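Visitor: Assemble the whole structure, with the sequences as input and the hints as a guide.
The listed protein sequences correspond, in order, to chains L and X. If you use the working numbering, the first sequence corresponds to residues 95 to 153, in order. If you use the working numbering, the second sequence corresponds to residues 6 to 926, in order.
Keep in mind the hints are simulated off the structure, nothing from the lab. Values in this document were obtained by computation on a predicted structure and should not be read as measured data. Every residue, glycine too, gets a C-beta built ideally from N, C-alpha and C. Don't take every hint at face value.
[As the list claims (entries may be wrong)] Selected chain L positions facing chain X (Cβ under 7 Å, derived; list incomplete):
{"no.": "1", "residue": "125"}
{"no.": "2", "residue": "126"}
{"no.": "3", "residue": "130"}
{"no.": "4", "residue": "134"}
{"no.": "5", "residue": "138"}
{"no.": "6", "residue": "141"}
Here's the letter readout for the chains.
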Amino acid sequence: MLVALIIWLPPIVGMFSLDGTILGLPILFVYFFAGWGILIALCAILTSALRHAAQTERK
Amino acid sequence: MLSSELVILVSLIYVGLLYAIAWWGDKRARDGHSWVRNPTVYTLSIAVYCTSWTFYGAVGTAARNGLEYLTIYLGPTVIFLGWWFLLRKMLRISKAHRITSIADFISSRYGKSTQLSVLVTLIAVIGTTPYIALQLKAIATSYTVLTVWDHGMIEPVRETVSIFSDSGFWAAVGLTLFGILFGTRFIDADEHHEGMVAAIAFESLVKLFALLAVGFFVCFIMYDGLGDLFAQSAANADTAKLLVLPEDGSSRWLTLMMLSMAAILCLPRQFQVIIVENVDERHLATASWAFPLYLLAMNLFVLPIALAGLGALPVWSDPDFFVISVPLFENQSMLALLAYVGGLSASTSMVIVATIALSTMVCNDLIVPALLRIRPLRLTERDDLTGLLIFIRRASIVVVVFMGFAYYRSAGASDALAEIGLISFAAIAQFIPIMIGGLYWKGGTRTGAQVALTIGFAVWGYTLLLPSLADSGWMDPSLILNGAFGHPWLRPESLFGLTDFAPLTHALIWSISLNTAAYVVISLFTEPSALERIQATLFVDAFSRKGQDTVIWRSSASANDLYELVERFLGRDRAYQSFRQFDQSIDPTWRGKGEANADMIAFTERLLAGSIGAASARVMVSSVAKGEMVSLDEVLEILEETSHVIEYSQRLEQKSHELEQAAAELRAANERLKELDRLKDEFLTMVSHEFRTPLTSIRSFSEILVDSPNLDPKQTDRFLEIIVRESERLTRLIDDHLDLARLEAGHSDWRAVDVDPRTVLDESIEAVKGVFDAKGVVLTKEYSRNSVLLHVDRDRLTQVFINLLSNAAKFSDPDHPEVSVRGEAMDGGYLVSITDNGKGVAANELEIIFDKFSRGGKYADDKPKPSGSGLGLAIAKHVVEHCQGKIWAESPAGHGATFRVFIPGEMMEAVDPAKPDSFAK
Numbered sequence: 095m096l097v098a099l100i101i102w103l104p105p106i107v108g109m110f111s112l113d114g115t116i117l118g119l120p121i122l123f124v125y126f127f128a129g130w131g132i133l134i135a136l137c138a139i140l141t142s143a144l145r146h147a148a149q150t151e152r153k
Numbered sequence: 006m007l008s009s010e011l012v013i014l015v016s017l018i019y020v021g022l023l024y025a026i027a028w029w030g031d032k033r034a035r036d037g038h039s040w041v042r043n044p045t046v047y048t049l050s051i052a053v054y055c056t057s058w059t060f061y062g063a064v065g066t067a068a069r070n071g072l073e074y075l076t077i078y079l080g081p082t083v084i085f086l087g088w089w090f091l092l093r094k095m096l097r098i099s100k101a102h103r104i105t106s107i108a109d110f111i112s113s114r115y116g117k118s119t120q121l122s123v124l125v126t127l128i129a130v131i132g133t134t135p136y137i138a139l140q141l142k143a144i145a146t147s148y149t150v151l152t153v154w155d156h157g158m159i160e161p162v163r164e165t166v167s168i169f170s171d172s173g174f175w176a177a178v179g180l181t182l183f184g185i186l187f188g189t190r191f192i193d194a195d196e197h198h199e200g201m202v203a204a205i206a207f208e209s210l211v212k213l214f215a216l217l218a219v220g221f222f223v224c225f226i227m228y229d230g231l232g233d234l235f236a237q238s239a240a241n242a243d244t245a246k247l248l249v250l251p252e253d254g255s256s257r258w259l260t261l262m263m264l265s266m267a268a269i270l271c272l273p274r275q276f277q278v279i280i281v282e283n284v285d286e287r288h289l290a291t292a293s294w295a296f297p298l299y300l301l302a303m304n305l306f307v308l309p310i311a312l313a314g315l316g317a318l319p320v321w322s323d324p325d326f327f328v329i330s331v332p333l334f335e336n337q338s339m340l341a342l343l344a345y346v347g348g349l350s351a352s353t354s355m356v357i358v359a360t361i362a363l364s365t366m367v368c369n370d371l372i373v374p375a376l377l378r379i380r381p382l383r384l385t386e387r388d389d390l391t392g393l394l395i396f397i398r399r400a401s402i403v404v405v406v407f408m409g410f411a412y413y414r415s416a417g418a419s420d421a422l423a424e425i426g427l428i429s430f431a432a433i434a435q436f437i438p439i440m441i442g443g444l445y446w447k448g449g450t451r452t453g454a455q456v457a458l459t460i461g462f463a464v465w466g467y468t469l470l471l472p473s474l475a476d477s478g479w480m481d482p483s484l485i486l487n488g489a490f491g492h493p494w495l496r497p498e499s500l501f502g503l504t505d506f507a508p509l510t511h512a513l514i515w516s517i518s519l520n521t522a523a524y525v526v527i528s529l530f531t532e533p534s535a536l537e538r539i540q541a542t543l544f545v546d547a548f549s550r551k552g553q554d555t556v557i558w559r560s561s562a563s564a565n566d567l568y569e570l571v572e573r574f575l576g577r578d579r580a581y582q583s584f585r586q587f588d589q590s591i592d593p594t595w596r597g598k599g600e601a602n603a604d605m606i607a608f609t610e611r612l613l614a615g616s617i618g619a620a621s622a623r624v625m626v627s628s629v630a631k632g633e634m635v636s637l638d639e640v641l642e643i644l645e646e647t648s649h650v651i652e653y654s655q656r657l658e659q660k661s662h663e664l665e666q667a668a669a670e671l672r673a674a675n676e677r678l679k680e681l682d683r684l685k686d687e688f689l690t691m692v693s694h695e696f697r698t699p700l701t702s703i704r705s706f707s708e709i710l711v712d713s714p715n716l717d718p719k720q721t722d723r724f725l726e727i728i729v730r731e732s733e734r735l736t737r738l739i740d741d742h743l744d745l746a747r748l749e750a751g752h753s754d755w756r757a758v759d760v761d762p763r764t765v766l767d768e769s770i771e772a773v774k775g776v777f778d779a780k781g782v783v784l785t786k787e788y789s790r791n792s793v794l795l796h797v798d799r800d801r802l803t804q805v806f807i808n809l810l811s812n813a814a815k816f817s818d819p820d821h822p823e824v825s826v827r828g829e830a831m832d833g834g835y836l837v838s839i840t841d842n843g844k845g846v847a848a849n850e851l852e853i854i855f856d857k858f859s860r861g862g863k864y865a866d867d868k869p870k871p872s873g874s875g876l877g878l879a880i881a882k883h884v885v886e887h888c889q890g891k892i893w894a895e896s897p898a899g900h901g902a903t904f905r906v907f908i909p910g911e912m913m914e915a916v917d918p919a920k921p922d923s924f925a926k
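Guide: See below:
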């Protein structure tokens, strides 16, 4: 999750302050929401894995 | 356009529905089967983050600044995706300490400081005021948009209506009522408001549904899908620029991102729903992805709605209310009404949670500590305080809502929704340095936190709030333009000459950096009190510490007193239940009478902390616990001492471990020395013995010769012969000794030459031929055809073979002595085996015989054979080993003994094919 956090923040700021004007209109919109969705999916998978690990540990 | 009666009716029905849900949620919770306590409801309640700022304001922001509106939701997403690091810790700590608000959290961390909690509460209340104003403005304006949809509505609302015909006023009244009814119905030890959570979760569903409905309408009915909408927008120069980022927007982008991250952690209402209303840590795990998902869904259609509004609506329409005006413009009044209800739910949920959270803070951290300090009130001696507490909370709800209303009526109405919200965020963000610092840095002190907060808040007020007030004409704008005292360096929007940034970024740069700097520097230079140190450790090491209880009370209160104290604050039923629970779970010995133990006092303090805050609880408990508290310094000293002792004992253990190891080594060395000593003694004994035997015979025969001059010459000759032989033996013995000593010391000369082992063997056999013949030994020898070239000292090898051969002759069967010699060239060396047919060597002596003086023959009927020096095999072993070879003995029982010598060497061609393969002699 920390990795997701680190990847999430600087590239957005860096990329959009630098490349924002270069990117075409749908790309920017799609980039944001697709990236958002992917991160959410990753987090969901990770969380369930964590919970699974915690449960097996408890057993 | 809709009739105002219809809109009011719908609003009333909706609010009535909310009351019903909240009432039902409370009832279920009291009956013990709450459906509120599940991750979905928890996630939806966190969505109270999406207020009318999101519902209306995001569209407005998108219409003005494009994708910038996303920052406000990306920040919380980051925080939630990383819940494992920050939120989980906050949750764990809050559960352990029964934290009920952000003020409680911060003051607990810094030694349960009352001043700090007062400060945090004040900042939270002042900071939230514009935010509540924003909601009221949203309700009022959306109502106006829905009912008075025409050109005239761009005029600020407050100038056209009196207070009582302002829909914002009635909204404020309704929200106050709701907050009072469901936020403060009773004082609960753990501050869970099930009914409120249920209502909030429902509202989150409504606003999401409404926004999605409008979004679908815009994208798929007004336009031909998203692609069509974007294509049309890109064609228009005004809207096309919204689809890319502004060129110099990165600092603002970063600022907004940081602000929203701070907001989700520090906003009192977010703290309330995320931390205080949480009942299970696993719910947070679910919310970690579900809440970002909600935000994603909420934001998906914001930009399309904004673009559609810009494209279709007249220029005078306020982009903040596109969500309503777009459907209205398209004559979809029912959709507009749905959007209005969505906006209403967004606003009401925020106001309700915020006021409840703030009223808890105002009551616990502002009013109660103040009342406790006013001695004439004799508050600590009153019987039932629950009524008073509830009254304080209700009053504070009224005050908070109407402060927001006042701001809305006076200043806030002129700004865009998002800008008002950001002023709030910036105030709340002042908590971040001392909060994060408090969670991860033990060095942060109360003084540091207080000064940091004060400075940060002051800078915020000067650089953000003041200009906002000045904008609305409440004060002289010359202060903003020229700076305080006319000094340009003190201009609120470009403090100390920093002019390159937008007001918001500028304010944050100064407030947060000064705040952080003050916190760090002052913390480094101030000494924390004992309680601060304890709390700092408990907070920072929340995960590594098992027992959360800090027992710092000396038992001196009666259980009855404590019970009464709790009863006064929590009410009879709750006190009874809590104590019964404690009775059963923690301390089965307690029966409600007698002296309370330290656990019990600590429990009482935590229980009270739940309803009146940590700082006040401390004061109350100390008023009942008659004797003094164990001084905190004392406790700390004990703690430190313990840790020192532990450290010391660890070091000691390590030392003793080392010592043990050294002792073991010493013991081993000693054993070896003893063994050597024994060997030396044995050796000396043996040497003396060996020397003594020939010397004795020499001496006795010499004496006979001296004493008897008239001895028979024959006899004399025989005696002299013995003397000579024994002398020779003695000499040989000494020679062997010297030889061995040289070998052992490595001083002997080695003249290594290339030899064929067969030659050496033949020579050796030749040398012992006399002895063999004398004893009548039958010798068999057998060489392999091939041979090996050895690089050894020829004389030494001969010595070895002679020794082995003479041994074999000596120990072979006395009646039919037979000795066989075998030489085999092997891969990598040459193996010589010399076998006799004697009794052999006992299995346990196969090794020992190569030691000094250990002649073979431990068999019972063996007689000592004094003719050898007992050093022959020892010397042989040395020699062979010097040649990197190996010597060993084999003795199958009853088949004589075989001594084998293996010496490594190079294989060579069969040099003499004419020579017979083997021959007997």
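Visitor: Using Cβ atoms only, decide whether residue 130 (chain L) comes closer than 7 Å to chain X, and label the hint accordingly.
Guide: With a minimum Cβ separation of about 5 Å from chain X (threshold 7 Å), the hint on residue 130 (chain L) holds.
Visitor: Would the stated hint for residue 134 (chain L) survive a check requiring a Cβ distance to chain X of less than 7 Å?
Guide: holds, 5 Å
Visitor: For the hint on residue 125 (chain L), does the least C-beta distance to chain X fall short of 7 Å?
Guide: violated, 10 Å
Visitor: Classify the hint on residue 141 (chain L) as holds or violated, based on whether any CB of chain X lies nearer than 7 Å to its CB.
Guide: holds, 5 Å
Visitor: Hint residue 126 (chain L) vs chain X: min CB-CB distance below 7 Å?
Guide: At 6 Å from the nearest chain X Cβ, residue 126 (chain L) passes the 7 Å test, so the hint holds.
Visitor: When the nearest CB of chain X is found for residue 138 (chain L), is that gap smaller than 7 Å?
Guide: holds, 4 Å
In this structure, the one hint that does not hold is number 1.
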